[in-house]
Each structure stands twice: as C-alpha cells, then as structure tokens.
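S.K.: Chain residues, written in single-letter form:
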Amino acid sequence: MTTKALDTLKKKNGFWEKVMLQRELIFMSVPILLYKVLFSYVPVTGWSMAFQNFKPTIRSMWDQQWVGFDNFVKLFTGINGERFIRDIRNTLMQSLLTLVISYICSITLSLLLNEVKNSGLKRIVQNITYMPHFLSWIIVAGLVSTMLSGPSSGGIINDVLMRLKIISDPIQFLAEPKYFWGVVAGAHLWKELGWNTIIYLAAMTAINPSLYEASVIDGANRYQKMWHITLPGIKPTIVVLMIMSIGYILEAGFEIQYFLGNGLVVEKSETIDIFVLRYGIQMANYSLATVAGIFKTMVSILLVSTANFISGRLGEEKLI
Amino acid sequence: MKRFVLMLLIPLLAITMTACITEPTDPKKTTQSSGASTSSDPSATSGLPVLSPENPVELSAWLTTSESAPAADNKLTKLLKEKLGVTISYEIITPDNAEQKIGVMLAGGEYSDLVGTTDLNTRLLMGGALIPLDEYLTEDKAALLYEHVKPYWNRFATDAGDGEKKIYILPNYNRFYGEITGGINFGASGFWIQKAVLEDAGYPDLDNMTLERYFQMIEEYMRKYPKIDGQDTIGFEVLATPGREWGLTNPPQYLAGHPNNGGVIVENNVATIFADKEIAKRWYKFLNAMNAKGLVDRESFTQTLDQYLAKLATGRVLGMYDQRWSFGPANEALVSQGKDERTWVSTMPVYEGCEPYYADRDVMNINQGFGISVTCDKPEIAISFLNTLMEEEWQKLLQWGVEGEDYLVDENGRFYRTQEQRDQSKDLVWRASNQLEALRDLAPKRQGTYSDGNAFGPNDQPEEFYATLNKYDQDFLTTYNKKTWRDFLNQPPDNPVYYPCWNINLVDGSEAQMANQQLQDISLQYLPRAILAEPDEFETIWAEYVAAIGRVNVKALEDKINEGIQERIANWGN
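As given, the protein sequences belong to chains G and B, one line each in that order.
Reminder that position 138 of the first sequence reads as 241 in our numbering, one-by-one numbering, no gaps.
Reminder that position 32 of the second sequence reads as 146 in our numbering, one-by-one numbering, no gaps.
Just so you know, the hints here were simulated from the structure itself, not pulled from any lab data.
Think of the CB as a built atom: it goes at the ideal place given N, C-alpha and C, for glycine as much as any other residue.
Please note that the accuracy of each hint is not assured.
[Claimed, not checked] With a straight-line Cα cutoff of 30 Å, these simulated BS3-like cross-link-like pairs (lysine-lysine) come out:
no. : chain 1 : residue 1 : chain 2 : residue 2
1   : B       : K540      : B       : K197
2   : B       : K669      : G       : K177
3   : B       : K391      : G       : K177
4   : G       : K281      : B       : K407
5   : B       : K407      : G       : K268
[Unchecked claim] From the structure, some residues in chain G lie toward chain B, with a derived Cβ separation under 7 Å:
no. : residue
6   : P159
7   : T160
8   : A387
9   : N388
Next up, chain G with everything else stripped away, as it sits in the complex:
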C-alpha cells in the first residue's frame, strides 16, 4: 500500500482504521510493551514505600502506615542529611571524573588506533586493552587493592615507584581520601578503556575515504586529518554517547567504592548506593532506601532532558 493511499485512509476513517491496518505490527509489539509495563512501570508502585513506614512483615501495600513526607525529611536533614548530601557530591564527582577521563582517553586511543596501518598490531593492541572489560568488578577491586597496597603485600605500584626512587616511603593510596576519586577513575579507565574505543572505531570506518583523499591533495598532514576529518566524523557518536552517559551519572558504580572504601576515606568514597545499602537495606529501613532511589531517578531524568535540550539547541544530535 502506498503512502498516498494510507494518507487518504487516515483522513477518511481516522485512528481506528490506522490501527486495523497496522494490527500485525501492533500485536507484535504487545509482548514488548507488556514486558516494559511489567518490569519498568509496575515496580514504580513500590515508590509508595517512600511515603510509608514500611514493614516487611505486612505483606499488603495498603495496610502499611502512611507517613507523608517524613522519610524525605529524614533523608535530607540532620546527620543523615549531611551524609546523604556528601554522598551525592561523591557520586557526582566520581562519575564526572570517570566520565571525562574515560572520554578523553578512549577517543584519543581510538584516534591513535585508527592511524595504525598494520592491522595485526592494531588488533593485538585492541585485544589487550579491551580484555579487562570482561573481568567482574569484584576481581578488579581485588586487583586494585593489591596493586595499591604496600610493597610487602604485593603492591606493585609502590614497588615500582620506590625502585625508581620517585618516593622513599610507600604511599597509602587507599588510606588517603585525596586519592580516592582518582583511584576510582583510574580503575574504570583500566577496565573499560579498550571496550569504549570499539564504538568510536566503528564510527570511524563510516567516514567517507574520499574526504581523506581530498585533504591529502589539499596538503593536510596526519594531525590535520585527525582534527579536521576523523573527529568531526565521529562527533554525532560522541554527542549521543555523552547524552546517554549523563543519564547514568548518578550510577558511579557500586562495587569498587564498596570494596575499596574504608573508614579513612569514607569522606570521599561513600556513594549514594552505599548509603542506601548501609542505612536502608542493612537496617531494614526500606522506606529511606526508596526515597533515595526516587531522588536518583528524578535527578537522572532531569539531567538527561537538560543535556538533550542543550544538545538540540546547539544544533547537535538529539537522543529523543
């Protein structure tokens, strides 16, 4: 059926006629729709816990005691409030640092890899850099904590620095709050660097080779080609990925902070998720945990919309 015929039909019989025409498509989408409703929207009813003094013994949602905004007040004021706000700061800063460093490094690495003409070497480098992606965070946390410990406990970094005479005493990386954000960002970089380059390398292959040829005729050197052709070529990819990661900015990760964090660095290490675990789930204070969850969702939606809007205004790609 042609578009024209569809148009006339739509004008004639309106909505239901269109539904009839597309019934097979609609039926096919029903399972996915149900899936989404069931697993993404039905759980939202659990948000009611935020307004209750939730007790797991009472299985019915309606029999719980309703307390209005008490839990919100509890989360954002007093000692808990200070702690929660500190944790928001930690989450945001760890995320931002991780985001910025991993963006810069993975784009740089993919630009470099793109210039490697020996495909065997290129593949080896790629393989080596993306292998750590397949390790679980638990293992990475264990590796990082060993690597950063004292030389007698297998701390390779301190060992190397001491042998190079850069430092005379081992640095207690995991005992100094000032290093913690860096440790998190570094661990992320180590684990995800290679993996993140894959998508950029794929985007680079889509760049029209004639652009490079033309630039060569115009006398461009390698760096100019990278700057003026490759980077602009992958700009839409960069922007879309950026908007998507902004949605996850309050998900700074959990495992690494949980396993590497300790009392000495808690000031910089504790993230929202750890707070929720300690003061929510471990103390059976599910209502408080829910409030924190709602807060996270709201902030994420807000951030993504803002980024999307700004990106649209600047004439770049939009996600939605």
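Chain G is fixed; fit chain B onto it per the hints.
M.R.: Relative to chain G, chain B alone:
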C-alpha cells in the same frame, strides 16, 4: 501464516499473565496448608515424622558462617542420606555479608527451609521470616530440643511483635550438658602475642600486664628480627574490617577492667557509652604513639577480613587485639604448616588499678543458630532433623567423627585418637570431605560431656587436648606451668544477669539502632585517622571525633540498652 503466529502468541501471553498473578504465594498459607496435611498423616499424630532413607527429603539451608561447605564426596553427607534420607543444599554467606543478605531476603520474602545465622538484631525474627517452634518443643515431639531450651525458656523466647514470647531460634553455642571441659576459650578476648616473642624474651611473667610492657616486648622482638620468613615483621595489627569493627572499638573497656558489653560500660546496672570517654582516649593515644614508632600496621584500616586473616596466617604478625574464634582460620593455617611458634597466646593488659576481666563465663548464644523459615513447606521434617542431630550418636558423628575411622575407644570407654587421626583433623582438605563444619557451626550442640563421660568434642577431651598439641606447644605450656590456653585468661566470675549487653536487641529502624550505626561509622571514620596521625595532631582529631559523637542521639541508644538491662533483671533472674 500471520494468523497462526497470532494464535500462538495470544495464549502464550495469557499464560504468562496468569502465571504472574498466581506465582507470589502467601507464606502463611503454605505453612498452614502443609501443617494441615501432615496432621491428617497418621505417622505425625504422635511426635514428629521419623526420618528414614525410604522417604528421602531435601532441606535447603542458609548459613552464616566462616566455615566452608563440605566437599562433594563428604562422608557425613553420605551418612545423613543413608541413615536419615536427608540431603542438605547449602547456601553459605560469610558473616561480613550477612546483614545485607538478610535485608534482601526480608524484602523478597523467600527463605531457605533452615535459616542458620547470627540474628542479634532479630531482623529475621521481627521481619516475619521464622516460624515459632513452641508447638514442636514438647516432651513428645522434639524431646531433645525441648530439653535443650527448657531451663532457659525465658532467655530464648522473644516477642516477634504479636505480644507473645515464643522460641524461634535454637541456640548453637554454650548450652552445656554435664561438665564443662576444654582447652581453648574461643569466646575470650585478649591482646594476643606471638609465642616466639615470649620465647625470645625468656618466657616473661604475664601477670599484671600493662600496655607499655606488651608493646615493649613486641618492639624488642621487631628490632631484633625485622624480617620473618623473608617478609617484613608486623608489630601490631588492628582489626577493623567490616563486620568486625569491634576490634577497633572494644579494647578500652577491657583495659579499664570491664567485661565485653559491646559499646557500653555498665556500672550499678546503668550503661553508658565509652567511645568518647577518657579510657578510650588513653588507648587510642597510646596506639598513636606506637604507630609513630612504626609498630602498627598502616594497612590495618584498608584491608578486608580475608586480607587480615591472610596476613596473620603468614606468621609475621606479632600481636593484635582479637577474639580467639575470630582469627581461628589463621591460627589453624599456621598449625597446619607446623609453625606453632608463630601462633599466639592471650595477655590481659589493664590500666593501673584495674583487674583484668577479659574472659567471661561462656555466654549462651541468643538469637544465634537455626530457625525454620515461613517458606519451609515441611517444618516437621526440618525440626525432626534438628532433633535427630541432637541425639548423642549424631553429636558424636558430627564432633568426633566415625568410630574406628576418626577416633578410637579405649578399654575404659574413653575416646582418643591416634597421632595420624589427629594430624588429619588439622588438614583443611581432609576436613572438607570428612566433617560437616558449616552445619555443625550453627546446629544446636550438646556441649559439655556425654552420658558416657566423654567430652563433647576432641578439643574438649582434656587428655586429647594436650595430646593434640605439637611438641612446641606442650613445652610452651609446661614452661608457663599451665595446662590449657584457658589458663592464660582470668578466672571468670559469675556473669551478671543482664550480661552481655551486646546482644540486647536494638530493634530495626529505631532511633537507637540508627545511633548505634552512626557511632560505629564515626569510629571507623575518625579513629583510624587519629591512630595514624602525627602525634601532635592527635588532640585535634580527637576533638573532632568527640564533637561528631556529640551530635549523635546517644541517649536513645543508652536508654534502649538500659531498658534491656532492666527487662533482663526482671525476667531472667532465677
């Protein structure tokens, strides 16, 4: 074709949806219905169902323990199946992960049949995870378990919110039968010191120990032997890992001559916290000075429990404050490597004018051990299983092993082991296939002595205890003119009725629990800094720490503990 796909799809969706509606079962209903079905079963009218290999059953068990699961070829697992028809499927959680796992289980409402854990905050109990066992704990049903709890009913019974006190959890340790024997007091605290240090110092007298003397011995040894087995010697290790924070916070009360009441000191039946008091400051300031001398391991506060135990197991840690059970795995690892001189004995330093009170009378566990979950569809079988395990025959199998294989009986009926049997019982691999350590840890036990006069387990049999020691330890004990490791501790006086305060239930979600958690977080945040700081910075950090505590609702916590003390005095006095 399209129609055909549609016809397939629609019923499929219908099935998924109905499945979603029917799946969540009401746990209460399940127990009720299964209770009804068994009461019509003739075998259940008198007593409990008898376990036999003809009716094989599978019980799932969720266990909080540091012990590992049995190997696949475990001989006692086979025996349980052959004699009782019981197969246990284990889910083992290490203590440091238990709290969050409990939170997740409560939120989900699904549990294993048997729930074996430390539930000091009675979260599982209050969360409705466990069924009351009162109806089974009678003379004609679970008679042995009845005997187990009967004399202490008031202590074990808890009000789970319905206003009635019932028994939900069967205590796993320190309910004694007969005489109490044993060479090791696993519950005891101490400032532990490596035997090699004492040997090198010419076996000094350990009475009237002070902090100064304790650290002086460590310092001298460390200067003399900067390396042990090629690795740097560690003077003093502080235990501060998740789940064992008490390693950091408990010492002041002992130094001041008080027993372990957790975070409070009790005087005239009134509890007050000591975290910000002079006795605490003195200890941390002392530790700060020791750190400046390089005696404290700077990695103490960044390591995990596994790393702590691994470090201890290398034998290069000269001293630490800990409880005997807590570093048990490290001790066993050293013994199995034959490095007995690198294991530790306890010393009891106190401030001047204080009497050491490190050892208490073994405290009966409350809210620790096995309970049966509301989602268990065969509670009679589960209780019958636990009851059967309390039979002397099974107790001996669990503790001693199989007669003739793991131990022998002499002409006087005394149990003993050959040297080979003793050696293999120290081998961790052998134990995985020949002992059920995880189950044993949480199951109710007949500690003390059996009706035939033999001790509960090999380590409690006095002659066995001495014989199991390696030559080094035997000589060590002889030199100190002592018979057991217990003798290195004080003679415990009778415990006060309310003792110990650390197992007073603070109630989930209460102000007191919140304050308790905040206090602990503050300790973990400031104390390591105070200890690791330059000595002239100590006062500033201490002031910050005290100020932080000042903002916590300490009164709520103290009130709750005092309420618990008064309640115990009223109900527990015999």
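S.K.: Against this structure, judge whether each hint is valid.
M.R.: To see whether the hints hold, each was checked on the structure:
no. : hint            : verdict
1   : K540/B - K197/B : 27 Å, holds
2   : K669/B - K177/G : 19 Å, holds
3   : K391/B - K177/G : 29 Å, holds
4   : K281/G - K407/B : 25 Å, holds
5   : K407/B - K268/G : 24 Å, holds
6   : P159            : 5 Å, holds
7   : T160            : 4 Å, holds
8   : A387            : 4 Å, holds
9   : N388            : 5 Å, holds
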